[in-house]
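S.K.: Residue strings, one per chain:
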Amino acid sequence: MSRNAGSDVKAAYLFIAPAMIGFFVFVGYPLIRSFYLSLTKYNGLTDPVFVGLGNFRRLFTTDPSFWPALRATGYLVVLYVPLSLVLGLALAMFCNQRFAGVRLVRTLAYLPVVLPAVATITLWKFILDPQVGLLNTVLDRLGLPTSLWLQSPKMAMPSIVLVMLWGVGSTMIIFLAGLQAVPTELYEAAKVDGAGPFAVFFRITLPMISPIMLLQVILQTTAALQTFNQPKILSPGGGGGPGFSTNVLMLGIYNNGFPTLGKIPQLGYASAQVWVLFVIIIAVIALTAKFSSLWTYSDSTSD
Amino acid sequence: MAPASQAVRPAKKKPRVIGTTAWYVVALFVGAVMIVPLLWMITIGLKSGTAVFDIPPKLLPREWKWSNFVNGPKAIHFPRLLLNSFLITGLSVIGGVMTAMMAGYALARMRFPGRKLWFYLFVGSMLLPGVVGLIPLFQLYKSIGWYDTWLPLIVPAFLGGNPLFIFLARQYFLAIPYSIDEAAKLDGAGHFRIFTQVMLPLTRPAWLTMAILAFQASWNDYLNPLVYLYSSGKWPLSVGMAAFISPFAGKTPDWSYYMATNLLYMLPPLIIFFAAQRYFIQGLGALGSTNQK
Numbered sequence: 001m002s003r004n005a006g007s008d009v010k011a012a013y014l015f016i017a018p019a020m021i022g023f024f025v026f027v028g029y030p031l032i033r034s035f036y037l038s039l040t041k042y043n044g045l046t047d048p049v050f051v052g053l054g055n056f057r058r059l060f061t062t063d064p065s066f067w068p069a070l071r072a073t074g075y076l077v078v079l080y081v082p083l084s085l086v087l088g089l090a091l092a093m094f095c096n097q098r099f100a101g102v103r104l105v106r107t108l109a110y111l112p113v114v115l116p117a118v119a120t121i122t123l124w125k126f127i128l129d130p131q132v133g134l135l136n137t138v139l140d141r142l143g144l145p146t147s148l149w150l151q152s153p154k155m156a157m158p159s160i161v162l163v164m165l166w167g168v169g170s171t172m173i174i175f176l177a178g179l180q181a182v183p184t185e186l187y188e189a190a191k192v193d194g195a196g197p198f199a200v201f202f203r204i205t206l207p208m209i210s211p212i213m214l215l216q217v218i219l220q221t222t223a224a225l226q227t228f229n230q231p232k233i234l235s236p237g238g239g240g241g242p243g244f245s246t247n248v249l250m251l252g253i254y255n256n257g258f259p260t261l262g263k264i265p266q267l268g269y270a271s272a273q274v275w276v277l278f279v280i281i282i283a284v285i286a287l288t289a290k291f292s293s294l295w296t297y298s299d300s301t302s303d
Numbered sequence: 001m002a003p004a005s006q007a008v009r010p011a012k013k014k015p016r017v018i019g020t021t022a023w024y025v026v027a028l029f030v031g032a033v034m035i036v037p038l039l040w041m042i043t044i045g046l047k048s049g050t051a052v053f054d055i056p057p058k059l060l061p062r063e064w065k066w067s068n069f070v071n072g073p074k075a076i077h078f079p080r081l082l083l084n085s086f087l088i089t090g091l092s093v094i095g096g097v098m099t100a101m102m103a104g105y106a107l108a109r110m111r112f113p114g115r116k117l118w119f120y121l122f123v124g125s126m127l128l129p130g131v132v133g134l135i136p137l138f139q140l141y142k143s144i145g146w147y148d149t150w151l152p153l154i155v156p157a158f159l160g161g162n163p164l165f166i167f168l169a170r171q172y173f174l175a176i177p178y179s180i181d182e183a184a185k186l187d188g189a190g191h192f193r194i195f196t197q198v199m200l201p202l203t204r205p206a207w208l209t210m211a212i213l214a215f216q217a218s219w220n221d222y223l224n225p226l227v228y229l230y231s232s233g234k235w236p237l238s239v240g241m242a243a244f245i246s247p248f249a250g251k252t253p254d255w256s257y258y259m260a261t262n263l264l265y266m267l268p269p270l271i272i273f274f275a276a277q278r279y280f281i282q283g284l285g286a287l288g289s290t291n292q293k
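Protein sequences appear in the order of chains A and B. Residue numbers 1 to 303, in full-length UniProt numbering, belong to the letters of the first sequence in order. Residue numbers 1 to 293, in full-length UniProt numbering, belong to the letters of the second sequence in order.
Please keep in mind that the hints were generated in silico from the structure rather than gathered at the bench. C-beta atoms are modelled at their ideal positions from N, C-alpha and C, and glycine is treated no differently. Warning: the hint list may mix true and false statements.
[Unchecked claim] Calculated lysine-lysine pairs in the BS3-like style (CA-CA distance at most 25 Å, straight line):
| id | chain 1 | residue 1 | chain 2 | residue 2 |
| --- | --- | --- | --- | --- |
| 1 | A | LYS41 | A | LYS263 |
| 2 | B | LYS142 | B | LYS234 |
| 3 | B | LYS116 | A | LYS10 |
| 4 | B | LYS142 | A | LYS263 |
| 5 | B | LYS234 | B | LYS74 |
| 6 | A | LYS263 | B | LYS234 |
| 7 | A | LYS10 | B | LYS185 |
| 8 | B | LYS116 | A | LYS290 |
| 9 | B | LYS142 | A | LYS41 |
| 10 | B | LYS116 | B | LYS185 |
[To be verified] Covered stretches of chain B, as calculated for chain A (at least 3 residues, CB under 8 Å):
| id | stretch |
| --- | --- |
| 11 | 132-138 |
| 12 | 218-231 |
| 13 | 258-265 |
| 14 | 270-277 |
Based on the sequences and whatever the hints tell you, model everything.
M.R.: Shown next as structure tokens:
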């Protein structure tokens, strides 16, 4: 800490001012404003009309698309998050070994993450085409069953999760950093004690990276809850179909708040949807953090 | 701890000889899953428009249509969209990095009342989902005449739009020995000079990492430009490319044109990735150590 304090104050606030303004404009204001709007009927042109909990009542009782949206979002999270964590950790452990070509594997695994979402999602749209797509062709050649993928109500969401999992490199890279921070003495000691690979994984690796696992659960779940690009680009007409199969909450928010030509935006109603999603996200974070002490290991000597 | 120290790889035991073959099978499989879709894209980009719909699909083009790389981009006014993307991305990179470095410097190396509070507010705001801002900010921008301009895509970066960057910058500044700026202070340098002439050169890996991440985020962003930009002449490539394949007026998209253009769209992030792989790994390594601070 710098010793000649006091004179710093003015300069410090100058340095921090842009970020401070940003905090008020992009965090404080939207929180208050979107909560207020969620209690109103508002089309963006005339003044908002206060309707109390009317939007929420409509969402939960009369809107035919809300429960399917909630279900689709839940399905996506339940399917994507565990797979992403397990595959990401497995890949990270694989890439943490020493063998010729490991750098190349690591690079290739991370490659899809740096590519633009629009570019990769549209590429997958073509790969998943039932007639001329690469995936069905390969499956057919191998004598495996093919699928209608995005065009089938049953397989549409798994297809979207498949596309999302192609970007598992983002999960991998964070786990990899965590694995590399585990002190090697621990592994050496375990080796001396004659511990098998399972014991090493469950007694050393997993406890040591549990704080990162916690971070990952929160990051991946909140990101999955806000999935927009994949269903928007992959579903026919961007409507979340076929049927309601990929009609996630974000699509409803977008379509109500920023509708296509000829429709009136329902910004109050969309804000109510935002708040439902927001409460779910907060609940997930709070629950994960609350129960984290049960399964995360913390070294009481550090910090 | 400095993010750079993450680069040290621990020595791990070598896989046993018996398992080596299995090892390479897995490596080959992982590599193939990641690279084959991209190679497939290149072949589509080189096929003629009708060959794309061959059943069963052919791996290699019958005739190599290099002209797709000219005609595809022409179909969506590619140069215009490319320029838009570069301008939007360039400005938001500058803004995002500058603001975060300044805030990180203040939070790590200056003493002022509210220092802790602001740190927690910034870190806490990382948890605020972007969706909460979508509608109020859209209305705000609309009311001040920013709708259908690039300002909503650029100005937020200058106002600390990415709290993760502030966090990363602070972590990096904490790792620099205080004797360095004490010496500069004795020589009569103010904070501005210390920041620009002493700190910025010392923290090059930090701000390069942020610049790369900011480039990627802005170049790849789809939702924000989709919401804020109405005129197709102002679109960045992300929105233009998505519109390219959405079938309108009953016209099916020309996939070979599209994939050729898609390759060009991917090229800048790809080049940066290969040129700066080290920074990608390091920068995200710092994120991985978030909880170990």
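S.K.: If a hint holds in the structure, say so; if it does not, say that too.
M.R.: Here is how each hint holds up against the structure:
| no. | hint | verdict |
| --- | --- | --- |
| 1 | LYS41/A with LYS263/A | 15 Å, holds |
| 2 | LYS142/B with LYS234/B | 16 Å, holds |
| 3 | LYS116/B with LYS10/A | 16 Å, holds |
| 4 | LYS142/B with LYS263/A | 18 Å, holds |
| 5 | LYS234/B with LYS74/B | 16 Å, holds |
| 6 | LYS263/A with LYS234/B | 23 Å, holds |
| 7 | LYS10/A with LYS185/B | 16 Å, holds |
| 8 | LYS116/B with LYS290/A | 23 Å, holds |
| 9 | LYS142/B with LYS41/A | 18 Å, holds |
| 10 | LYS116/B with LYS185/B | 24 Å, holds |
| 11 | 132-138 | holds (count 7) |
| 12 | 218-231 | holds (count 5) |
| 13 | 258-265 | holds (count 4) |
| 14 | 270-277 | holds (count 4) |
The structure agrees with every numbered hint stated previously.
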